[in-house]
Amino acid sequence: MTTMDAGPATSAPSLVAPKGLGARLRAFIGRVFSTSLLSSGPRIRLVALFFFALYGTIAGRLIYLGFTPEAPSVRKAVAAAPARPDLLDRNGEILATDVKTMSVYAEPRRLVDKDEATELLTAALPEVNAKELRDRLASRKGFVWVKREVSAQQRDEVFHLGLPGVGLIAENKRIYPNGPLGAHVLGFANVDNAGIAGVEKYVDSQGLGDLSGAGFSLTQADLQPITLSLDLKATHALRDELAKGVEHFKAKAGAAAIMDVNTGEMIAMASLPDYDPNTPPDVKDQNLINRVNVGVYEMGSTFKALTIAMALDSGKVNLNSHFDAKSALTFGRFKIHDYHAQNRSLSVPEVFTYSSNVGTARMALGQGVERHKAFLRKMGQLTRLRTELPESAEPIVPKNWGELNTMTIAFGHGLAVAPLQAMMAVGALMNGGYLITPTFLKRSEEEAMKDAVQVVKPETSEAMRYLMRLNAEKGTATKVDVPGYFVGGKTGTAEKVINGHYAKDRLFTTFFAVMPADKPKYLFMTIMDEPQGLPETHGFATAAWNSGEVTGKIIKRVGPLLGVVPRATPPVLPFPILAKLGYALANTPAPPGGGGH
Amino acid sequence: MTRYLNIAVILALIGSAVYAYTIKYQTAFRAEQIAKTKLEIKAERDLAAMLRADWAYLTRPERVQELADRYLELEPLAPDRLMLAKQLPERAPHSDAIGDKIEMLGLGVASTPPADPASAPTTPKANAKAAGH
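So the sequences go chain by chain: B and A.
Under the working numbering, the letters of the first sequence match residues 1 to 597, in that order.
Under the working numbering, the letters of the second sequence match residues 1 to 133, in that order.
Accuracy of the hints is not assured; some may be wrong.
To be verified - Taking lysine-lysine pairs in the DSBU-like style, the calculated list, with each CA pair at most 35 Å apart, reads:
1) A:Lys86 <-> B:Lys519
2) B:Lys474 <-> B:Lys457
3) B:Lys147 <-> A:Lys38
4) A:Lys86 <-> B:Lys201
5) A:Lys36 <-> B:Lys442
6) A:Lys36 <-> B:Lys147
7) A:Lys86 <-> B:Lys233
8) B:Lys147 <-> B:Lys100
9) A:Lys42 <-> B:Lys147
10) B:Lys373 <-> B:Lys399
11) A:Lys42 <-> B:Lys173
12) A:Lys42 <-> B:Lys141
13) B:Lys442 <-> A:Lys38
14) B:Lys442 <-> A:Lys42
15) B:Lys100 <-> A:Lys42
16) B:Lys373 <-> B:Lys335
17) A:Lys36 <-> B:Lys100
18) B:Lys201 <-> A:Lys38
19) B:Lys100 <-> A:Lys86
20) A:Lys24 <-> B:Lys474
Since the hints were derived computationally from the structure, they do not count as laboratory data.
From just these sequences and the hints, can you work out the full model?
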């Protein structure tokens with residue numbers, strides 16, 4: 001370091017240039033480490049610049065990190081089952097809710113020893129297939145599920161394994177506490193909590209699916225519960241009675257529903273066989289379809305109500321009109337018979353209570369094919385009915401609708417509709433003439449009336465209620481005449497088409513009942529597929545004996561649940577418009593007995 | 001003079017620093033508490049949801065019906081057992097048969113002063129008492 005003491009002279013390159021390489025190097029080092037005041041100024045600046053750059057880089061990096069969003073971790077990137085809104089019945093009872101469960105996942109890239117992990121995990125979770133798990137862990141994916149929805153004990157076990165790259169996520173699991181009650185309305189959600197069918201799917205289509213798809217993790221608190229129109233207790237009573245009926249009459253299937261005719265709300269609905277949404281079934285199983293709105297059927301004599309309403313509404317026919325039912329009606333090579341043949345001329349109420357095919361066929365012919373078609377279209381019977389439920393069915397309408405079709409459709413053969421669709425039409429005939437699209441969500445009468453269309457006159461509706469009531473007093477629907485409820489009803493028996501022919505012994509029976517007939521509130525429907533005749537029904541398998549019987553039991557049981565107050569005496573003037581029109585007879589109760597079943 | 005001022009300033013500085021740190025630690029403490037409470041609320045909410053689901057499961061009509069069939073001797077509610085309160089008959093006017101009889105026989109009202117409750121045989125209990133004597 002002696003050169004350093006040489007002073008400023010050493011800084012002159014010309015003086016040291018001729019020396020040897022070693023000396024030059026020594027001089028260079030000497031200059032670099034020289035503390036000479038002359039050269040320290042720029043050096044300090046250089047050092048300052050260096051530190052400025054260093055701290056500037058650090059500060060810049062910090063700012064950059066502060067502004068860039070945190071890279072999403074693997075845990076957040078996966079679609080853990082999102083929360084769904086609770087589904088409640090009309091009284092606030094829970095129909096579907098979420099509970100938290102834990103799921104085990106693994107990040108294969110972070111696993112240290114895959115074989116060891118497989119071994120330990122399969123020991124803790126015996127349900128997991130070891131080979132399959134090893135394959136999954138061997139993949140190059142960032143995230144794989146080990147097992148969804150583990151028990152609390154298994155969760156603790158996995159946690160205590162302490163494996164790096166294996167973790168637990170809290171997930172939402174959909175629970176249906178009432179099992180199969182209302183299953184066809186609710187639908188179900190899959191393991192990822194996405195709606196697959198029914199109202200669950202409808203909820204997703206209303207934007208929930210998009211929100212969770214876009215990465216919004218909604219919590220239960222953010223979601224307003226959705227109130228359905230169903231009444232849990234009524235649904236249970238309905239399903240219970242229907243199940244008993246289906247078993248008793250050895251029917252292949254059955255369905256029942258209750259609708260509020262003034263709001264279109266479906267109060268209860270069941271279709272058997274059904275399923276438990278907690279263990280989702282095979283969606284493609286045709287036997288499990290919702291027979292109320294997915295199956296289409298020829299509704300049989302219940303369609304006579306529509307035919308008679310059309311005739312009455314046209315003004316050409318009134319309650320005193322008579323129709324020739326002296327003999328079977330012949331059309332070409334077809335012959336239309338009456339089941340309860342009276343072989344005489346029948347008045348309109350008689351056509352209804354004796355359920356005369358000939359009478360209704362003549363009535364429809366009197367209106368003509370085009371008017372018949374137009375009326376049924378107006379009543380929503382020729383187009384697909386869409387409700388909140390994503391499942392629906394197109395009615396089967398004859399391609400070439402001729403006079404024969406009109407004649408058969410008049411008594412419910414040759415046109416297959418969804419029973420819910422028929423309910424909507426019958427509801428309109430009952431409630432004063434307003435066609436209201438059925439709904440599965442709770443709504444008020446005002447809301448329902450906003451979209452309602454007046455399809456028949458109020459007096460026609462009242463006449464239909466009178467006919468229904470008359471039919472329950474002395475016609476084919478006496479089985480539903482629950483004392484105090486002033487019920488009206490209509491049976492319907494259709495022969496099923498087997499290999500292109502109507503089979504006499506394969507019946508599809510329907511029953512519609514309205515309660516109370518003077519101020520309609522609830523419409524009941526029961527359908528049964530191939531019920532069998534029993535000794536106590538004298539071998540008959542027609543609607544009154546099975547569907548009618550079940551409907552009567554349902555009314556008896558559901559009436560008090562729905563808070564319908566029975567009346568000790570029948571209403572004094574149940575049909576005021578008819579009285580004004582001069583049908584005083586309508587307001588006097590008919591003597592009991594009379595008609596056949 | 002300046003020295004005292006300096007001391008005062010230093011003290012003020014220390015004081016404000018202590019105060020600032022107290023606030024800071026309190027804030028951190030409160031923030032921690034809030035986070036903890038939030039977690040607790042979430043846990044309680046989840047638990048409540050679980051319990052609600054449990055309750056709904058245990059009170060499902062299917063199960064209640066089964067239990068009622070097994071343990072209760074109740075019958076299903078039938079329409080003919082329902083009535084409005086106003087449909088019930090009015091309460092019959094109060095009658096005192098024995099009193100009427102006594103009066104009819106002309107055995108003066110004075111002998112049985114109505115103010116004496118023991119003498120009014122209206123309730124079974126009073127009757128039993130009277131019979132015991």
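Results of checking the hints against the structure:
no. : hint                  : verdict
1   : A:Lys86 <-> B:Lys519  : 21 Å, holds
2   : B:Lys474 <-> B:Lys457 : 26 Å, holds
3   : B:Lys147 <-> A:Lys38  : 29 Å, holds
4   : A:Lys86 <-> B:Lys201  : 47 Å, violated
5   : A:Lys36 <-> B:Lys442  : 39 Å, violated
6   : A:Lys36 <-> B:Lys147  : 29 Å, holds
7   : A:Lys86 <-> B:Lys233  : 27 Å, holds
8   : B:Lys147 <-> B:Lys100 : 15 Å, holds
9   : A:Lys42 <-> B:Lys147  : 24 Å, holds
10  : B:Lys373 <-> B:Lys399 : 12 Å, holds
11  : A:Lys42 <-> B:Lys173  : 16 Å, holds
12  : A:Lys42 <-> B:Lys141  : 32 Å, holds
13  : B:Lys442 <-> A:Lys38  : 34 Å, holds
14  : B:Lys442 <-> A:Lys42  : 30 Å, holds
15  : B:Lys100 <-> A:Lys42  : 11 Å, holds
16  : B:Lys373 <-> B:Lys335 : 22 Å, holds
17  : A:Lys36 <-> B:Lys100  : 19 Å, holds
18  : B:Lys201 <-> A:Lys38  : 32 Å, holds
19  : B:Lys100 <-> A:Lys86  : 50 Å, violated
20  : A:Lys24 <-> B:Lys474  : 87 Å, violated
Going down the numbered hints, you'll see the structure goes against 4, 5, 19 and 20, while the others check out.
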